Amino acid sequence: MNSKAKAAVLCGYGINCEYETEHALRASGAEAARVHVHDLVENPKMLENFNLLAFPGGFSYGDDLGSGKVLANKMRFRMKEQMQEFVKQGKLVIGICNGFQMIAKMGLLPYNDFEQKVTLTFNDSGKFEDRWVYLKMNPKSPCVFTQGIGGLMLPVRHGEGKFMADPATLKDLGAKNMVAMQYVNEKDELAGYPYNPNGSLQSIAGICNEQGNVFGLMPHPEAYNIMANNPFWPSVKDRITDWKGSGMKVFENAVSYLNAKF
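Going by this note's numbering, the first residue of the sequence shown is number 10, and it counts up by one from there.
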(Lines of atoms letter the chains of each structure in order from A and count residues from 1; the text may use other names and numbers.)
(Lines give C-alpha, C1' and ligand atoms only; values in the text may rest on other atoms or scores of the structure.)
Protein backbone atom coordinates (compact mmCIF):
# COMPACT_ATOMS: atom_id res chain seq x y z
CA MET A 1 0.00 0.00 0.00
CA ASN A 2 1.31 3.41 -0.94
CA SER A 3 -0.83 5.82 1.04
CA LYS A 4 0.01 9.25 2.32
CA ALA A 5 -2.29 8.60 5.29
CA LYS A 6 -0.13 7.35 8.17
CA ALA A 7 -2.24 6.54 11.22
CA ALA A 8 -1.18 5.82 14.79
CA VAL A 9 -3.83 3.98 16.81
CA LEU A 10 -3.24 4.21 20.55
CA CYS A 11 -3.40 1.03 22.59
CA GLY A 12 -2.69 -0.16 26.12
CA TYR A 13 -3.85 0.60 29.67
CA GLY A 14 -7.48 -0.39 29.12
CA ILE A 15 -8.04 0.88 25.58
CA ASN A 16 -9.89 -1.98 23.91
CA CYS A 17 -11.13 -0.89 20.47
CA GLU A 18 -7.74 -0.50 18.82
CA TYR A 19 -8.05 -3.53 16.55
CA GLU A 20 -11.39 -2.43 15.06
CA THR A 21 -10.10 1.12 14.62
CA GLU A 22 -6.89 -0.06 12.98
CA HIS A 23 -8.91 -2.32 10.66
CA ALA A 24 -11.28 0.49 9.65
CA LEU A 25 -8.36 2.77 8.82
CA ARG A 26 -6.53 0.13 6.81
CA ALA A 27 -9.69 -0.85 4.96
CA SER A 28 -10.11 2.84 4.09
CA GLY A 29 -6.66 2.99 2.54
CA ALA A 30 -4.46 4.23 5.38
CA GLU A 31 -1.24 2.75 6.63
CA ALA A 32 -2.10 2.13 10.28
CA ALA A 33 -0.13 0.88 13.26
CA ARG A 34 -1.01 0.30 16.88
CA VAL A 35 1.18 2.40 19.17
CA HIS A 36 1.32 1.78 22.91
CA VAL A 37 0.60 4.82 25.06
CA HIS A 38 3.78 4.24 27.06
CA ASP A 39 5.96 4.21 23.94
CA LEU A 40 4.45 7.42 22.61
CA VAL A 41 4.65 9.29 25.90
CA GLU A 42 8.27 8.23 26.41
CA ASN A 43 9.20 9.17 22.84
CA PRO A 44 6.86 11.93 21.62
CA LYS A 45 8.96 12.39 18.47
CA MET A 46 7.23 9.24 17.21
CA LEU A 47 4.32 11.51 16.32
CA GLU A 48 6.38 12.96 13.47
CA ASN A 49 6.00 9.63 11.63
CA PHE A 50 2.21 9.98 11.48
CA ASN A 51 -0.43 12.39 10.24
CA LEU A 52 -3.43 10.84 11.99
CA LEU A 53 -3.70 9.99 15.66
CA ALA A 54 -6.64 7.86 16.80
CA PHE A 55 -7.79 7.61 20.41
CA PRO A 56 -9.99 4.49 20.38
CA GLY A 57 -12.73 3.50 22.77
CA GLY A 58 -12.38 1.40 25.89
CA PHE A 59 -11.90 2.01 29.59
CA SER A 60 -8.46 3.57 29.85
CA TYR A 61 -6.97 3.11 33.32
CA GLY A 62 -10.29 1.55 34.35
CA ASP A 63 -11.88 5.02 34.13
CA ASP A 64 -10.53 5.69 37.62
CA LEU A 65 -10.93 9.40 38.49
CA GLY A 66 -13.52 9.58 35.70
CA SER A 67 -13.71 8.34 32.13
CA GLY A 68 -10.52 9.07 30.21
CA LYS A 69 -9.16 11.40 32.89
CA VAL A 70 -5.92 9.61 33.78
CA LEU A 71 -4.74 9.19 30.21
CA ALA A 72 -5.82 12.75 29.43
CA ASN A 73 -3.64 14.07 32.25
CA LYS A 74 -0.70 11.88 31.22
CA MET A 75 -0.72 13.31 27.71
CA ARG A 76 -1.49 16.86 28.80
CA PHE A 77 1.56 17.02 31.04
CA ARG A 78 3.92 14.93 28.89
CA MET A 79 2.95 15.78 25.29
CA LYS A 80 1.20 19.15 25.22
CA GLU A 81 3.59 20.90 22.83
CA GLN A 82 3.86 17.93 20.47
CA MET A 83 0.08 17.51 20.32
CA GLN A 84 -0.50 21.20 19.68
CA GLU A 85 2.06 21.23 16.87
CA PHE A 86 0.53 18.08 15.37
CA VAL A 87 -2.85 19.82 15.14
CA LYS A 88 -1.41 23.12 13.89
CA GLN A 89 0.17 21.26 10.96
CA GLY A 90 -3.29 20.22 9.80
CA LYS A 91 -2.85 16.61 10.82
CA LEU A 92 -5.88 14.69 12.04
CA VAL A 93 -7.00 13.51 15.47
CA ILE A 94 -10.07 11.39 16.15
CA GLY A 95 -11.29 10.39 19.60
CA ILE A 96 -14.01 7.75 19.75
CA CYS A 97 -16.07 7.17 22.92
CA ASN A 98 -13.41 6.88 25.65
CA GLY A 99 -11.11 8.59 23.17
CA PHE A 100 -13.52 11.54 22.97
CA GLN A 101 -13.51 11.69 26.75
CA MET A 102 -9.71 11.76 26.70
CA ILE A 103 -9.26 14.57 24.18
CA ALA A 104 -12.02 16.64 25.77
CA LYS A 105 -10.57 16.32 29.26
CA MET A 106 -7.01 17.03 28.14
CA GLY A 107 -8.29 20.20 26.44
CA LEU A 108 -7.37 19.23 22.89
CA LEU A 109 -11.02 19.82 22.06
CA PRO A 110 -12.52 22.20 21.39
CA TYR A 111 -9.76 24.85 21.31
CA ASN A 112 -6.39 23.03 21.38
CA ASP A 113 -5.38 25.17 24.37
CA PHE A 114 -5.17 22.23 26.79
CA GLU A 115 -7.70 23.88 29.08
CA GLN A 116 -10.77 21.75 29.67
CA LYS A 117 -13.91 23.53 28.46
CA VAL A 118 -16.28 20.59 27.89
CA THR A 119 -16.84 17.21 29.46
CA LEU A 120 -18.59 13.88 29.08
CA THR A 121 -20.28 12.76 32.27
CA PHE A 122 -22.67 10.13 33.62
CA ASN A 123 -25.68 9.22 31.49
CA ASP A 124 -28.99 10.62 32.70
CA SER A 125 -30.36 7.06 32.75
CA GLY A 126 -27.85 6.17 35.46
CA LYS A 127 -26.79 3.06 33.57
CA PHE A 128 -24.52 1.82 30.82
CA GLU A 129 -26.18 2.39 27.44
CA ASP A 130 -25.54 -0.18 24.72
CA ARG A 131 -27.72 0.52 21.69
CA TRP A 132 -27.74 1.75 18.09
CA VAL A 133 -28.57 5.40 17.55
CA TYR A 134 -29.59 7.65 14.68
CA LEU A 135 -27.30 10.58 13.94
CA LYS A 136 -27.36 13.64 11.72
CA MET A 137 -24.35 15.64 10.58
CA ASN A 138 -24.07 19.40 10.43
CA PRO A 139 -23.52 20.20 6.71
CA LYS A 140 -21.92 23.54 7.68
CA SER A 141 -19.37 21.95 9.99
CA PRO A 142 -15.70 22.14 8.96
CA CYS A 143 -15.20 18.61 10.35
CA VAL A 144 -13.03 16.63 7.93
CA PHE A 145 -14.46 13.31 9.09
CA THR A 146 -18.15 14.10 8.45
CA GLN A 147 -17.97 15.77 5.05
CA GLY A 148 -20.66 14.57 2.65
CA ILE A 149 -22.40 12.41 5.25
CA GLY A 150 -26.07 13.20 5.76
CA GLY A 151 -26.97 10.73 8.48
CA LEU A 152 -25.66 7.60 10.13
CA MET A 153 -26.82 4.79 12.34
CA LEU A 154 -24.05 3.73 14.72
CA PRO A 155 -23.70 1.85 18.01
CA VAL A 156 -23.04 3.55 21.33
CA ARG A 157 -21.78 1.78 24.43
CA HIS A 158 -20.91 3.99 27.36
CA GLY A 159 -21.78 4.93 30.91
CA GLU A 160 -20.43 8.48 30.74
CA GLY A 161 -21.49 9.99 27.45
CA LYS A 162 -23.49 13.07 28.43
CA PHE A 163 -21.91 16.07 26.73
CA MET A 164 -21.84 19.18 28.89
CA ALA A 165 -20.40 22.69 28.57
CA ASP A 166 -21.11 26.12 30.01
CA PRO A 167 -23.58 28.34 28.10
CA ALA A 168 -20.85 30.54 26.57
CA THR A 169 -18.94 27.55 25.21
CA LEU A 170 -22.12 25.97 23.87
CA LYS A 171 -22.99 29.20 22.09
CA ASP A 172 -19.52 29.42 20.58
CA LEU A 173 -19.60 25.81 19.40
CA GLY A 174 -22.90 26.47 17.67
CA ALA A 175 -21.85 29.78 16.13
CA LYS A 176 -18.70 28.23 14.65
CA ASN A 177 -20.47 25.03 13.51
CA MET A 178 -18.19 22.96 15.71
CA VAL A 179 -21.12 20.72 16.66
CA ALA A 180 -20.58 18.15 13.92
CA MET A 181 -22.96 15.37 14.96
CA GLN A 182 -26.23 15.14 16.93
CA TYR A 183 -28.51 12.36 18.11
CA VAL A 184 -31.88 12.25 16.32
CA ASN A 185 -34.91 10.00 15.90
CA GLU A 186 -35.99 8.10 12.77
CA LYS A 187 -37.46 11.34 11.37
CA ASP A 188 -34.13 13.17 11.69
CA GLU A 189 -35.49 15.26 14.58
CA LEU A 190 -33.81 16.04 17.89
CA ALA A 191 -35.51 13.92 20.52
CA GLY A 192 -35.14 12.74 24.10
CA TYR A 193 -34.25 9.36 25.54
CA PRO A 194 -33.67 6.74 24.19
CA TYR A 195 -32.78 8.53 20.93
CA ASN A 196 -30.46 10.77 22.91
CA PRO A 197 -29.00 7.89 24.94
CA ASN A 198 -27.23 9.92 27.61
CA GLY A 199 -28.98 13.29 27.96
CA SER A 200 -26.31 15.29 26.12
CA LEU A 201 -27.00 19.02 25.96
CA GLN A 202 -28.42 19.93 22.55
CA SER A 203 -28.27 16.20 21.70
CA ILE A 204 -24.57 16.60 20.92
CA ALA A 205 -22.90 13.36 19.85
CA GLY A 206 -19.69 14.78 18.39
CA ILE A 207 -17.77 18.05 18.06
CA CYS A 208 -14.73 19.25 16.15
CA ASN A 209 -12.26 22.09 16.51
CA GLU A 210 -12.66 25.27 14.47
CA GLN A 211 -10.25 24.01 11.79
CA GLY A 212 -12.13 20.71 11.49
CA ASN A 213 -9.12 18.43 11.88
CA VAL A 214 -9.82 17.25 15.45
CA PHE A 215 -13.02 15.25 15.96
CA GLY A 216 -14.48 13.65 19.06
CA LEU A 217 -17.61 11.50 19.04
CA MET A 218 -19.31 9.08 21.40
CA PRO A 219 -20.74 6.65 18.78
CA HIS A 220 -18.47 3.98 17.29
CA PRO A 221 -18.01 4.26 13.49
CA GLU A 222 -15.33 1.55 13.55
CA ALA A 223 -17.95 -0.88 14.89
CA TYR A 224 -20.00 -0.54 11.71
CA ASN A 225 -17.41 -1.53 9.15
CA ILE A 226 -19.52 -4.19 7.38
CA MET A 227 -23.27 -4.45 6.93
CA ALA A 228 -23.40 -7.58 9.09
CA ASN A 229 -22.53 -5.41 12.12
CA ASN A 230 -25.99 -3.83 11.86
CA PRO A 231 -28.66 -5.66 13.90
CA PHE A 232 -31.17 -5.12 11.07
CA TRP A 233 -29.03 -6.65 8.35
CA PRO A 234 -30.89 -10.02 8.14
CA SER A 235 -34.02 -8.21 6.95
CA VAL A 236 -32.18 -6.55 4.05
CA LYS A 237 -29.35 -8.97 3.27
CA ASP A 238 -30.99 -10.18 0.05
CA ARG A 239 -30.93 -6.62 -1.29
CA ILE A 240 -27.40 -5.69 -0.21
CA THR A 241 -25.05 -4.87 -3.07
CA ASP A 242 -22.35 -3.14 -1.03
CA TRP A 243 -21.39 -4.87 2.20
CA LYS A 244 -19.35 -1.93 3.47
CA GLY A 245 -20.75 -0.48 6.69
CA SER A 246 -21.64 3.20 6.60
CA GLY A 247 -19.31 3.95 9.52
CA MET A 248 -16.43 3.51 7.09
CA LYS A 249 -17.21 6.84 5.45
CA VAL A 250 -15.81 8.62 8.52
CA PHE A 251 -12.41 7.00 7.97
CA GLU A 252 -12.52 7.28 4.18
CA ASN A 253 -13.00 11.03 4.54
CA ALA A 254 -9.89 11.19 6.71
CA VAL A 255 -7.79 9.20 4.26
CA SER A 256 -8.96 11.29 1.29
CA TYR A 257 -8.05 14.49 3.14
CA LEU A 258 -4.59 13.23 4.09
CA ASN A 259 -3.82 11.92 0.60
CA ALA A 260 -4.73 15.33 -0.82
CA LYS A 261 -2.89 17.39 1.81
CA PHE A 262 0.30 15.39 2.31
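Source of the hints: derived by calculation from the structure; they are not laboratory data. Just so you know, these numbers come straight off a predicted model, no measurement behind them. Check the hints yourself; a few may be wrong.
Pairs of lysine-lysine residues, derived as BS3-like cross-links and limited to a Cα-Cα distance of at most 30 Å, are as follows [said to hold, decoys possible]:
1) Lys145 to Lys54
2) Lys185 to Lys196
3) Lys100 to Lys54
4) Lys196 to Lys149
5) Lys196 to Lys15
6) Lys83 to Lys145
Quick list of the computed label-pair ranges, beta carbon to beta carbon [stated by the list, open to error]:
7) Glu195 to Ile235: 18 to 24 Å
8) Ile235 to Lys54: 33 to 39 Å
9) Phe241 to Ser134: 19 to 25 Å
10) Asn11 to Lys97: 39 to 45 Å
11) Asp251 to Glu195: 33 to 39 Å
Where a beta carbon is used, it is the ideal one built from N, C-alpha and C, also for glycine.
- Item | Violated hints - listed by number, lowest first | Those not satisfied are hints 1, 5, 6, 10 and 11.
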